[in-house]
Amino acid sequence: MLVRLTVKSFDKWQHGYQQIDHVSQAYGCTKKDILRDAQDPNSVLVMLEFETEALAHEYMEDDEIVVAMRAGNLSRCARIEYFEEREH
1273 MLVRLTVKSF DKWQHGYQQI DHVSQAYGCT KKDILRDAQD PNSVLVMLEF
1323 ETEALAHEYM EDDEIVVAMR AGNLSRCARI EYFEEREH
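Counting from 1, position 6 in the sequence shown corresponds to residue 1278 in the working numbering; the numbering is continuous, with no gaps.
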């Protein structure tokens, strides 16, 4: 799952993100990375891997995540995309 965000302050956003880190663990997140745009440090891409797409959707619908997204210091709405890994 990819979540693209534009935040007002990366440091404030990251602090809030760390406060809800336990939620991703509860839904079985197997990997997560945070990338910042080289030209705009407040443009963020969060990559999360879950065992199933259903768990990724459940994670995004969790009450703590919904509240955090609403109060998340965002300057623009998040764009959320779901992908599945394919062997090549």
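Since the hints were made in silico from the structure, they are not lab data. Just to be clear, a hint being listed does not mean it is correct.
Here are the simulated BS3-like cross-link-like pairs (lysine-lysine), alpha carbons at most 27 Å apart as the crow flies [claimed, not checked]:
| hint | residue 1 | residue 2 |
| --- | --- | --- |
| 1 | K1280 | K1303 |
| 2 | K1284 | K1304 |
| 3 | K1280 | K1304 |
| 4 | K1284 | K1303 |
Here are the computed distance ranges between Cβ atoms for each label pair [what the hints assert, rightly or not]:
| hint | residue 1 | residue 2 | range |
| --- | --- | --- | --- |
| 5 | F1355 | D1335 | 21 to 29 Å |
| 6 | D1335 | E1359 | 30 to 38 Å |
| 7 | E1359 | P1313 | 31 to 39 Å |
| 8 | A1350 | E1323 | 20 to 28 Å |
| 9 | V1338 | E1359 | 16 to 24 Å |
| 10 | G1288 | E1359 | 31 to 39 Å |
| 11 | E1353 | V1295 | 16 to 24 Å |
| 12 | A1310 | E1359 | 24 to 32 Å |
| 13 | Q1290 | H1360 | 14 to 22 Å |
| 14 | H1360 | E1336 | 34 to 42 Å |
| 15 | A1310 | I1352 | 33 to 41 Å |
| 16 | G1300 | R1351 | 31 to 39 Å |
Where a beta carbon is used, it is the ideal one built from N, C-alpha and C, also for glycine.
### Message
Hint compliance check: list the failing hint numbers for this structure, sorted ascending.
### Response
Violated: hints 9, 13, 15, 16.
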